[in-house]
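S.K.: Take a look at the letters that make up each chain.
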Amino acid sequence: MKKVININFQGRVIPIEETAYDILKEYIESLRRYFANEEGREEIINDIESRIGELFAERLKKGSTCITDADVNNVIAGMGRPEELEAEGAETTGTTGQQQTTSGSQSASGGGGTYTPPGRGRLYRNADDKIIGGVASGLANYLGIDPVIMRIVFVLLFGALFWVYILLWIIVPSQSVQSNVTKRLYRSADDKVIGGVCGGLAAYFNISSWVPRLIFALPLVIGLLSGPLNWWWHDWDIFWGPKIITSSLGSTLFFVYIILWIAVPVAHTSAEKLEMRGERVDVNSIRNTVKEDLESFKSKAQNWGNEVRQTAQQFGERARDWGRSASAQTKTYADDAGAAVRRGGSGLGHAIGVLFKAFFLFIGSMIALALFAAFIGILFGGYAFFPLKDFLLEGTWQNTLAWLTLFLFFGIPLLGLITWLVRRIIGVQSRNHYLGFVFGGLWMIGLFSLIFLVGTLGKEFKTRSAVNEELNIGPINTNRLLVDVNNTGTEYYGSDWFGLDWDDDWPFYGISHDTLMLTSVRVEVLKSDDNNYHVSTVKYSRGSNPQQARNTAQKIQFNPVLKDSALLLPRAFAISRDDKFRNQQVRVRIEVPVGKRIMLDRSISRYDWFDIRYNRRGFDIDVDDRWEYWHSLRTGVEYIMTPDGPKKVTDLDPQELGRGNYVPLKDRESTDTRRGDTATRYRYRPGRTQESDDSVISNTSYNSEAAGEPESSGSGASDYAEVSSPMTTLLRLFQ
Amino acid sequence: MNIENTQSQMRKGILEFCILSIIRRGEAYPSDIVEEMRGANLQILEGTLYPLLTRLKNADMLTYRWVESNSGPPRKYFSLTPKGEQFYKELEATWNELANAVNTLTSKQGSLTGSMTNGASGESEPQPK
Chain A
1 MKKVININFQ GRVIPIEETA YDILKEYIES LRRYFANEEG REEIINDIES RIGELFAERL
61 KKGSTCITDA DVNNVIAGMG RPEELEAEGA ETTGTTGQQQ TTSGSQSASG GGGTYTPPGR
121 GRLYRNADDK IIGGVASGLA NYLGIDPVIM RIVFVLLFGA LFWVYILLWI IVPSQSVQSN
181 VTKRLYRSAD DKVIGGVCGG LAAYFNISSW VPRLIFALPL VIGLLSGPLN WWWHDWDIFW
241 GPKIITSSLG STLFFVYIIL WIAVPVAHTS AEKLEMRGER VDVNSIRNTV KEDLESFKSK
301 AQNWGNEVRQ TAQQFGERAR DWGRSASAQT KTYADDAGAA VRRGGSGLGH AIGVLFKAFF
361 LFIGSMIALA LFAAFIGILF GGYAFFPLKD FLLEGTWQNT LAWLTLFLFF GIPLLGLITW
421 LVRRIIGVQS RNHYLGFVFG GLWMIGLFSL IFLVGTLGKE FKTRSAVNEE LNIGPINTNR
481 LLVDVNNTGT EYYGSDWFGL DWDDDWPFYG ISHDTLMLTS VRVEVLKSDD NNYHVSTVKY
541 SRGSNPQQAR NTAQKIQFNP VLKDSALLLP RAFAISRDDK FRNQQVRVRI EVPVGKRIML
601 DRSISRYDWF DIRYNRRGFD IDVDDRWEYW HSLRTGVEYI MTPDGPKKVT DLDPQELGRG
661 NYVPLKDRES TDTRRGDTAT RYRYRPGRTQ ESDDSVISNT SYNSEAAGEP ESSGSGASDY
721 AEVSSPMTTL LRLFQ
Chain B
736 MNIENTQSQM RKGILEFCIL SIIRRGEAYP SDIVEEMRGA NLQILEGTLY PLLTRLKNAD
796 MLTYRWVESN SGPPRKYFSL TPKGEQFYKE LEATWNELAN AVNTLTSKQG SLTGSMTNGA
856 SGESEPQPK
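Protein sequences, first through last, are from chains A and B.
Mapping to the working numbering: the first sequence position 26 is 26, numbers consecutive.
So the number in the working numbering is just where the residue sits in the second sequence, counting from 1, plus 735.
Just chain A, same shape as in the assembly (with noise of 0.2 Å):
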């Protein structure tokens, strides 16, 4: 039962039903905008009218009661609408009456009803469009906007709204929604300088293009100009100081740019460059853009332009699917193994087929999420690290193959992911393999950077050479000599983004922006020859030839001063970003006169030892060799310097002591001496008091030759030092 209205059409008053109305109503004002530019637009509008009017008159006459919904459409289809008039001119085909009126009516039963204006309807779930349940694109089209921004939203926001997709996939009911959406994200092929992204989310946007384009370009531009920037004003140092945007929103946005140009489609024709501006795609606006693109094209460098980036963008498809058919490759053959064992006739030949494809998915996902992890910690670490690039790289060459590494071997499987997903997202299908070729290209030109650039890295290192220097710090007249560390110096605050504090765990100490603090110091006591504390240093240092390691070790700076009967190390040394980070190494070498003591203070266990192995060709040393006498000692523990190399006072007997004799106690815990070889293990015997400190300072690389002590046999404690304590180097290593 529907309402009838009646309606003075053209002089006449007609019945019709009020739907039948609102159809009619709707054909008309299309026909108006169709005609909008139309010279003799109302002549024109009227003539079709008085049209519509003489065919409702005939209807009526006919003996209907009025007019209904589908005399209108009826009528319509005949006249046309305005999208059948400027696409086709005429008809859809040049044959028969019927197919005309098939597909007028065809487009008529499109949403149920024809000229139904975009509302926003119900929430329903996408039927037609749909990747996995049609959730994004449902509420695309409830929202008015492009599926393709939903989706990325959802897969953005992955981890918040993973349940919200859940739950609208069970409550949100799917049904075949007309598709309202009249706004997709393309690429505009006119507004572009270089790929037209941001053309087209201006477009999108309803924004001037000039706005997009500052927000991607502006953070690299400054990041650009603020690395220079940087060296002058390093104490900008500010918590939220520019450096975020700089460096990692615009490594982001420059990352973002690129996938959203190889991803979204440009708009071509006149419909998609209109469903980039989300106007309606009828007959006026397409003339309308067909008039503009007509203007545009004209300009032959844009047409010039196109051609190479599609080449290139065609390339680059290729590229990429030779990526992906490369792993697809890999998953036919262990199809194909998997088929072989499986024609062998076992089912447990097919399940090891089966076994072996998802072997090989597992692992190259795995490496793929191995390279994405490894790309973000660097891109996030890189912003910690990053002034640490010019300690270790020098050179233009050096810096260059570091930043190829960076963004082809790290960047290119990551871009290719994303590019992946964005695609399956889209819906976009490759028809070119191209990107797959580029992206494994540019890959492998990554991994060649990279390998070239650990080589010329490690020649850097390849030889190690150390200066020995005598301090003169004296005269020490004490008895008992007190080697701390020197914490009233300069302290060296930095906390940066990440509140990285800087402290144990780091092997060095410190960081400004031109000079890097290290800890590599290592404190040994020996004997001394004479009845004098004497204090050396070793400064060591890698190079890439004898001469220039022996350089870099030369220009260490590392002073201990004496204070009382305290000598204060540095709390670490400075190396400058010209002399770079070449594994510079401080030993200092404290000879204690036979009778007199030492002790270490515990701050000196927190000195590190970071040491560079380079195995392939060993490594020069051209250090003094008396290194007969050395141990290492624990810190927070007073020694006394015996003819036998430094003794634990409480090891001692303490009687004997005050008679200048070094007699063990009976019952102490040392070093097991019966054993007598060259390396010994200090075994912690459960209930021991005092020693059990927090760290030992270890020796790692030496190896020196025992030098002339016999050792004993071991029998036993006997009254002078004819105790077989180890003679050489002590390999402790400690828990």
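Check before you lean on any hint, since a few could be wrong.
[Said to hold, decoys possible] Chain A side only, calculated, beta carbon under 7 Å to chain B, not exhaustive:
(1) Gln10
(2) Gly11
(3) Asp22
(4) Gly40
(5) Ile44
(6) Ile48
(7) Ser50
(8) Met79
(9) Gly80
(10) Leu85
(11) Pro643
Keep in mind that the hints were calculated from the coordinates and are not lab data.
C-beta: ideal position from N, C-alpha, C; glycine also.
Fit chain B to the supplied structure of chain A, relying on the hints for placement.
M.R.: Showing chain B alone in chain A's frame:
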């Protein structure tokens, strides 16, 4: 899509000519014209016709007069003006040229149907040797 574009381009090219030829034979109103064309197997939407007629009228190729009708609103009956007649003649000449050219070309393939299989742009194509 492309073929339909071409096809519709072809049609659009000759529409005016056809319309003028119908009107030339005598006064006609739009509905009649559509009927005639359908009879000649050239389908056209009325919505295409009206603007064309109006354009021709605004260009002084056509003129009309109102005729009262008992079964509806008054109708416009179109007829050709002298200028329109001249226009028609020129179009006719062009059409003949075209038709000859096309026929010649297509006959070389041994088929002489009325369907035009070469472009409707009017430029003569280089003859294949």
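S.K.: For each hint, tell me whether it holds in the structure or not.
M.R.: Here is how each hint holds up against the structure:
| no. | hint | verdict |
| --- | --- | --- |
| 1 | Gln10 | 5 Å, holds |
| 2 | Gly11 | 6 Å, holds |
| 3 | Asp22 | 19 Å, violated |
| 4 | Gly40 | 4 Å, holds |
| 5 | Ile44 | 5 Å, holds |
| 6 | Ile48 | 5 Å, holds |
| 7 | Ser50 | 4 Å, holds |
| 8 | Met79 | 4 Å, holds |
| 9 | Gly80 | 3 Å, holds |
| 10 | Leu85 | 5 Å, holds |
| 11 | Pro643 | 101 Å, violated |
Checked against the numbered hints given earlier, the structure breaks hints 3 and 11 and satisfies all the rest.
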